[in-house]
Every structure is written in C-alpha cells, then in structure tokens.
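So the protein lines, in turn, are chains A and B. Quick note: to get the numbering used here, add 145 to the position in the first sequence (first position is 1). Quick note: to get the numbering used here, add 23 to the position in the second sequence (first position is 1).
No lab work stands behind these hints, which were simulated from the structure alone.
Below are the DSSO-like pairs computed for lysine-lysine, each with C-alpha atoms no more than 30 Å apart in a straight line: (1) Lys66(B) x Lys46(B); (2) Lys46(B) x Lys160(B); (3) Lys46(B) x Lys228(B); (4) Lys160(B) x Lys373(A); (5) Lys209(A) x Lys93(B); (6) Lys160(B) x Lys660(A); (7) Lys66(B) x Lys373(A); (8) Lys373(A) x Lys278(A).
Away from chain B, derived, C-beta distances all over 10 Å, residues of chain A: (9) Arg223; (10) Ala354; (11) Lys560; (12) Arg717; (13) Ile719; (14) Asp738.
Since the model is a prediction, treat every value here as computed from it, not as a measurement. Where is the CB? At the ideal position from N, CA and C, for every residue including glycine.
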Amino acid sequence: MSKPMSASAAAGPSNGALIRRLFGLAWRYRLRCLGVLGIQLVLLTMGILGLSFTGIGIDYILHKLNGTPLAPNRLHLRLPEAWPPMHVLAMLAGLIMALALCRGVLNYIYGVQLNILVQRHIVVDLRGEAYEKLQRLSFRFYDANTTGSIITRVTSDVQNVRMFVDQVLIQSLIMVISLTVYVIYMASLSPGLTVACLATTPVLWTMAAAFSRRIQPEYARNRSLVEKMVQILSESIQGIAVTKGFGREAENRAQFDAANDAILIQQHSIFWQVSLFSPAVGFLTRINMMVLLAYGGWLVIHGGLALGAGLVVFAGLLDQFSGQVNNVANIVNSAQQSLIGARRVFEILDAPVEVRTHPDAIRRPRLEGAVRFENVSFTYRGPSLGTADAAAELSAVAAARAEDRVLRDIELEVKPGQCVAILGATGAGKSVLMGLIPRFYDVTGGRLLVDGVDVRHLHLDDLRRNIGLVFQESFLFSNTVAANIAFGHPAATMAQIERAARIAAAHDFILRLPKGYDTILGESGNGLSGGQRQRLAIARAVLLEPAILLLDDPTAAIDSETEHEIFEALDRAIAGRTTFIVAHRLSTLRRADRIIVMAHGRIIQQGTHAELMQVPGPYLHVARLQLLDGSELQPPAAASA
Amino acid sequence: MSAPDRMVLVHRPADDDDEEQFKPLAWGLIRRLFTYSAPVRTKVRRLTVLTIIRSIQLPALTAVVAFVIKGPITRHDQAGLILGVLGYVALALTTDGLFHFRQRYALEIGETVVNGLRADIFARMQRQPMSFFHRMKLGRIISRVTSDVEALRAAMQDVLFVSVVQFGQMLFTAAVMLWTDWVMFLVVLAMAPVLALVNNHFRMKLSVLSRASQESFSRVTATLAESVNGIRVTQGFVRQDTNAGLFRRLLADHSDYNVALGRASAILSPLLELNSQFFVAILLLVGGWRVFHGAMEVGDLIVFFLLSNVFFAPFAIIGNQYNQALIAMAGAERVFHLLDTPPDWEDAPDACPLPHPVRTAAAVEFRQVSFGYNPAQPVLHDLNFKVEPGQSVALVGHTGSGKSSIINLVAKFYLPDRGEVLIDGREIRTLTSLSLHRQMGIVPQQNFLFGGTVLDNIRLSLPEASEEQVRAAAAQLDCLDLLEALPRGLRTEVGERGAGLSLGQRQLICFARALLADPRIVILDEATSSVDALTEDRLQRALVLLLRGRTSFIVAHRLSTIRQADQVLVLDQGRIIERGTHRDLLAAAGHYAALYQQFVRVEEG
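Input sequences plus hints: build the corresponding full structure.
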C-alpha cells in the first residue's frame, strides 16, 4: 500500500524546518505557556526551600547532639538558640508542611492550566484548522490518500504535534530552568562537588541526541507497518465474500501473516536499541551518585561540607536533577513522535488548494443557467504534492479516478432551461465534462462560460450554490432527513425543505418513516432503499432552486425495481432548469432537448432523439437494443386482425 | 422543527457502548494470555528471575547510599567510605547491565503475544461463515485487533513485571527500615493506608472520566470519517464553512471531557507528594525527639529520609498497574470471546473435494429446499429445480423474492434448513467449500476490489496466472481495450476499495476475475447494473460465448440480459411461480410478462 504522503525523513521539509515551524506554533500560545512556566518556577523555589529546611533540621539535630558547630546555611536562617530544641524542630516541621501545602495547591493549578492550554486551545485549534483545510482540498487529494490516513492525521497526528508544545517545549524549558536553579544552588554549597557530579551530563545529552537520530526513522517505519496491517485486516473483512467465493482464504491469511510478522521483526530492532540506551542513561546518572558519595563524603570527613545542609541536601538535589536529566530521554522520544506527526499534519495544512476563487471574482448570486463550452479541452496534470516519486504514485491513482483523463475540442452551447442528455461508454469523459461546470476541475484549454462569464472569474460559492448535484452513489450524512435535505442551505425553513421533498417525490415516504423528517439516517433500522436515498439526494439538490442541475447517472446504483420511483422525481426536478444528465435509457434520452454522444473524450454526435435516429451511429445502436426488447411484447396474434 | 442548531450533535450510540472498561482479575484469562508467550518461554522464565533480582537491586542502591552516609561518612571513616563507594559502583553496574535484558525481554514478550493474538484472531475469524460477517461490525473487529490487543500487550510486558519490582522494592525497603528503627517504621506504616485510599478513590474516578472522553473521541472520529467520505457532496454544496463550524463545536465539546479528566488527574500527584512531605515533617519531629532522647542515631534519620521515597513511590505505580490490569482483563475477555465463537457451521469432517473434470460444466439441483437467514422466518419454501450442465438459469422476481438466497445456497455461503442442494449429484454438505469455490466464479452486485493493481485484482481468483492469461481473459470478455485505456493499463492502482475507478470499470474487473479461473459454475448477481448501455452490450455478447460450457446463474433485473437464458425461474416470496424460456413465458402472458411490460415502459418511456 503506497503511502505517498508520509515521505521518509530524506524528502520533504527537514527536521530543522519542522522544529522552527513548531516553535512558531507554540509562539501563538506564548502567554499561557509563560504562565505555566511561571508556576513551575515558583514550585521549584518552594521545593528547594523545603529541601533546605530538612537539611537544616538535620544539622540542627547534630549540632544539639554533638555540639558540632552549626554551619551557616544558604538561607541565612538563624535558628533561635534560646528556644527548646523540640520547638525549633516543630517550627521547621511546620514550615515544611506549610510549603508542602502551597506546593500541592500550585501543582494542581499547574496541572489544570497545562491541560487547558493543551486540550482546549492547541488541540482544538490545530484540529479545527486541519479540518477546514481538508474541506477545501481538491478531489485529487482525496483520491491519492486513504480515508484512514487522513483521519489519523487529524486525530492522533495532531495530538503528536501538541505533544511538541507541552511535552517537548515546555518540559525542555522546565528542565532548563530547574537544572539552572539546581546547579546554582548546588554550586553555592560546593562548586567542586557540583562540577564533579554533573560531569556525565554532557555525555548523556550527546548520547540522547545520537539515539534519537537513529530511532526516528524506525518509529516512522513501524507506524506505517502497523497501518498496513490494519488496512489488510479491514479489507479482508469487507471483501470476505470475494475471498471465500474464490476459495482464496489461504492466500489472504498469508498476506496478513506477512504484514503481522514484518511488524514483529522490525520491533525487535527497535527493542534492541531502546534497551541499550536506557540502561546506559541510567548508569551514567548513577555515576553521579557515586561521585557524590566519594567526593562529597571526603569533603564531609575533612570538614569542607556540612552533613545535613550539605551532603543530604546535595543528595536530594542530585536526585531531583537526575530525574530531570532522565526526562531527556522522554523529551527526545516525544520530539521524535511529534516530528513525525508534524510532518503529516503540515502536509495537509500546506496542501495547495487547486481550485479557488479569483480575488477579483464577479459575484452573481442568481444565475440564469446558460452554459457554453468554447473549444474546451482537459488533461490530468500530475498533482503538485510531495516528492518526485510520490507524485508519480499520486498521478497514477488520481488520474484514474475520473473515468477518463482527457477531453478534446468540446464545443457546446446550452440555453437556460434546456436539458442535455449525455450518452457514452465507460471512459468516454462524461463525468469529467460535468465536473468542469462546478469547477471540481478546471479546464486546461479553451473556456467554459456560464451566463457569458468564464467560470474561473465567477465567485466559486455563487457558482456552486447555483448548481444542484446528484451523483451516482448518493452520499447521505448520519443526521436527520431534514438536515440532509437542507445540507446546502442549513438555514432553510421547513416549508422550503418540504417543497424540495415534494419535487423529489419523497415527501410521502418521508412521512411514513418512524419520525418523519426528524428520523435519523444511517443507523441500522433506517435502511432506505436505493431509490429513496437517491430521491433525498434530488431533494437536496433542488432545495436552493439552482439554475443548473447535474445528474451523473442517478439511477446507476439503483436496482431496476425502484428505478421507476425516481423518474417522477427527476422529471419534476429537471423542469425549468438547465440540466445535464448522464443517461442510458431511451425514456430519458427521448425527453432531453438535446443529446450528445461521447467517445474517447470527444463529442461524436449531437442532436435530438428524432434527428439521431436517422443517422447510423452509436445512438441508433443503443436505441435499437432497447427497442428490440419492446418489440417482443407485440402479441403474435396481431397479424391476424 | 429542524432548526439548524439541532442538527449538530447527534448522539449515535458508539459501537462499543455496551462494552465494559474493567473486569476483575481472572486467573483463567491470565493463564491463557501466557500461553501466547510460549514461543519465548525461556525469556519469560529469565525475566521473572530478573525482576525479582531487580526488585532487590533498586532499593539496595538507595540503601547503600544511606548507609554509607550514616556509617563511614558520619564516623569520618575514609577507608569505609572507599569500600562503600566501590560496593555502590559494582551494584550499579550489575543493576543497569541486567536492566538491558529485563527491558528487552519484556518488550519482546509483549510483541510476541500481540503477534500471536492477531494471527489467531485473523485465522479464526476467516473460518467463520458469511452469517458471522453479516452481523459483526467491522469497527468492532478492528478495535479487538488494535486497541484491545494493545491493552493486552501493556499488561503482558508491564503489569506483572513492574508490579513484582515495585512490590519487591516496598518489601525490601520496609525490611531495611524495620531493621534500622522499628518505631519509625511504624510511623511510616501508618501513612501507608492513607496513601492507598487516596490512590483508590482517584483511580476509579479517573477511569470513568477517561472512558467518557474516549467515547467523545470516537464521535469526533466518526464525524471526521463521514466528512472525508462525503467530500464531493460537501464541496458541491458549498458546505465547508458550516461543516467546519459544526466540527469546531464538536471539538470544543470533546475538549470539555478532556479538561475534566485533566482536572481529576491533576489532583492525584500533588496529593501523593503532600503525603511524602508530611512524612518528612513528622520524621523531623518524631525522629528528632527520638534522637535527642538517645533512642535513635542521626544517621538513622538520614536512612529513613532517603528510603521513605523509595517506599512510598510504588503505591502510585502499583495503583496504576492495577488499573492497567483491569482494562486488560476486559480486553482479554472480548478478545477471547471473539476467538472462542464457534463458527455457525463448518465443512463436515468427512467432506470430499468436488471432482473437477476438465472443461465440463456442473449440474445443480435443488430438492425440496427450504431456508431462512433466521430459521423462524424462511425465505425459501420447498424449492425444486434442476439445472443441467452448461445451462444458464435466470432468476427473476421482486426484491425479497429469494433470488439472492438461492445464490447463497449454491455458493455454500449458507446451508439449507431443509432439503438438499446437489452439485453433480452430490449433496453439497459432503463437499468441501474450498473445492467448490475454486470451481465457481461469482460476479457480485456490490463490486469489491482490494487495494493493489488491476492485475492483482483479476488474479485473485487464480494467483498463479501469468499476465498473458489475464489479458486473454479480458480479451475474451471484449473489454481488454477498456482496461488498457486506464492510465497505467493493467498496472493501474485501483485505490482504496476501487475508488480510483468508475463503477463500470470496477465491474469489468470483477467479470475478468470471475472468468479467469475457468469456472464450472458462474454466478452473476445483477452484474451489469452499473455498466453503461454500450459497454453492457459488448459484455453481453462476450458473455454469451463465455458462458457456453458453463453452468450459470444469472440474477437480473435488466430483463435484456436474460433473454438468452436456457431456463427462467420466476420467484415470488420464496417460491417458483413460473418457469420456462423467455419466449414461452412471454407467450404465457403471466407474471413474467407483466414484469417485462413494466421494464420496457421504464426503458422506452
């Protein structure tokens, strides 16, 4: 399964560019970030204070016990000598508790604020933007990317991007601040010891950076292997009838097992690297402790360092410090994931919107519906996304989506209110021809004019609101019937909705549904027949009373049984509108004002039914086939009358 | 009425609303999970040993530090200090050295279990008959294979081993503290229940909130999926802004759940830390008192100070692991339920392959067959008909008259409730499904293509076919030029489920696929409904030639396709009401003739 969008680290924006962009993203929320960091700073200070009090307490006990001189402490706290010892201890204990309570409250506030920043702002904003962008991307984008991949980008990849802000950026800043504060405090206790204990830190960070560079591509590969496995699973289930029908269960299973095992093998490689990295990091931090013991102990023994306020506090600080330093591994990991996610999310945000409204677009809220093709031609261009080899993949898939690639020399003039039927074999170009009118694709040669104006100069929304569409396979959203009909015009009144439904011959069956217009579609139990769904689609299309109606083979996916149900609807919908309809049946073709026959991207015949019946050609051929059916109904005894 | 605002948040019951999040620990499930680690059994044993060792090593490290401070340093004993430090280094080396194995083994075990579970689920599921797939939602199966299995991975590689380490840590630390000063230890012990209670309370609350958040998230995903699938409609109706607005509201709604969850979890760790600090304060007071009265040494204070964190930390971790375990149990139950679902039916153990004489068609016979998808509501009643080898049979009737059911029986997707279906004179139950399917070619109504190229898809029915054979098959259907006209010809990627092709093109591929394997029985289920008239004509001519020498069942609403059938069976509510050739039936001016009239009217207008 090609995944053209998740290019490897070699192609696409570099990590550096991505990181800069992510910083830019974080900058948007700088005030909140600063707030959160500020709280952390206060928390840090309190933590150190608390630790110091403990150290002082221990030294005080020693002092009272052994008479060891009370070393001056960093806080310049002078313990009242006059007080009974237990009172002093009680005071210290009280201070520690008070600090702890404050810390607790602040910690809670910190947690809540960070969460709000992340969940309510960053994630919502990013997802909202990605979604908005998605809505505007061309059909080519959707052809080139699987549904699953797109969904993952908006859901989990966005989470990975926000991970950059809270787990990479903020954590890094916290780490830097904490480390700075700790180092300063430790240095004030004993510079020599500080240096000795922290000697391994640069080594650790270099290791972490090297590790992350190695592991990032592996994680990316793992993701895509898992996606592939899920896709094979999903396809296998959806296509189980085909697999069973041809007796190919074994091959199908082999395919799945191969994908499954590929994941296993690749994971082993990741496991080796991870399990070499973590112990190494752990050991390096323990070296720090060893140095503390040896050198610090030596200092205490030779009087250069207090036991409590010195060594014990140092041990406590070192412990905190190591905790933060070990965090580096997590931060690096999160950075990896967020970069992968960022790349994928930004691909969406950056994807070019191919069809857009010209800045000087003419506004025409109501169109008459005169359509004119002037020497129109169309070819699929390779899409402009991703890298070179990705583009090759994309163009193959994307180009295959429209029935056809090419239109040539299309000359057609349609007056408002005329109905044009389009007939042609698979691949003749019918769908693309129709797709040019609402600008789903833009012409590559010639001009397409609506009401005398080149469609590229009309405001896109105006153009599309004046066009009603019914596709081959009607797509209805899982919402109420009324919501579906009012899809293009959510502010529609009930009267408007009902009128559209009546035109589409749907009003009656809607009323028969459990909740009428408020019935929710799409859940089991509300299975509408193909004909009913298509009639809803027709209602949806005519709601805004568009000047132009495009019907792309509306009866294709409907069984012949219910087909006749929608003919009444179609007749009513077509009345008075400029209509383009792809059709095969004589009944429809006969009613059109004009029929065009297409083959290989060209119009090869044009005229009314009567005119075309006189000329030998594909039209006559098709007509004959269908008339032949009818001729058999003539009662054999007619001749004897 | 239908105010636009009301159209927003339709609460669709999520696929797994009725699925539990937690289940109590069940040893049967756990044992069964462990059977999946059989391929790496030695690693499991080694890992168990390693975790026990590690549970001693970790607290030992802290203890050594504490005792070095308490001992040599306080006593100003330099030699002792050096010894202590060397001991620490040695311990650190072994701890971290062994950790490599501990971590790697755990990860590998987890992955092995996951791999085995996935393969098993897939294999067993594939053996199920079609009825299973009609009632099982795709989303559910995927969630078993992905999120439930992942929960099990976490359980296998973390829960047990991490818990062992943490417990060991607690025990070891407790022992050391007890030995140092049992009175202080009692103070420590007194704080433990508080910790456990706090943990417990918040754990449950968090789980409930987390579940609500997940459900909200699945709504977001579902809406997103719909938008992606319906993009043409969205763009065609200029609905982008409205949709974006609706989606933002959904996101805001979802973020509320997450914020609530965040609030709850933000309480937990500050509370735990408060507990530790409280202990430190008490340590100073009580410990200080005891030291002043000679009951304790200062060094002991330091020992307690350093070790208390090591003692308290496991509480939160174990609480978390327990949570994971409960989630995993629920997942395990669902997974094993899926694995254990017996197939509604399977080939009889003594079933034989259908003999495959070259280039002959099969004979099919239905003898007093009754059938219902739900046995209480039969859709076929006492059917009798016979199809000679090479004959083509057209099945005609309204929706629901039983045409698809007959096809499902011929294809052995379902078994008749009563009566017999005979292929070449042999009862279908005595034949292996595999052999039957290899001799059949089905063109279904809903064309389904797998991701891959056109060539891959056609070759599905005969993977060993060469490209020439595929071309030949397409040429015989007179559609080779249409396929080669695709951007990359036969090597064109069809896209997800064939989305890269039009309906007509997909159907052509399905035809080629069905005929490539030279089937003795051909089933065409509404096969040309999505193909345009001109292409259909070509196809029909080709089919006439191709179906010679094969037994075929054609379900059609387009009566033009069945004009050539040898036998037409007209069905109504599960019974055959008319049979004969097309001409005979027209002349008989019965039900069939009426149907035909209606059809022509639709065609000609």
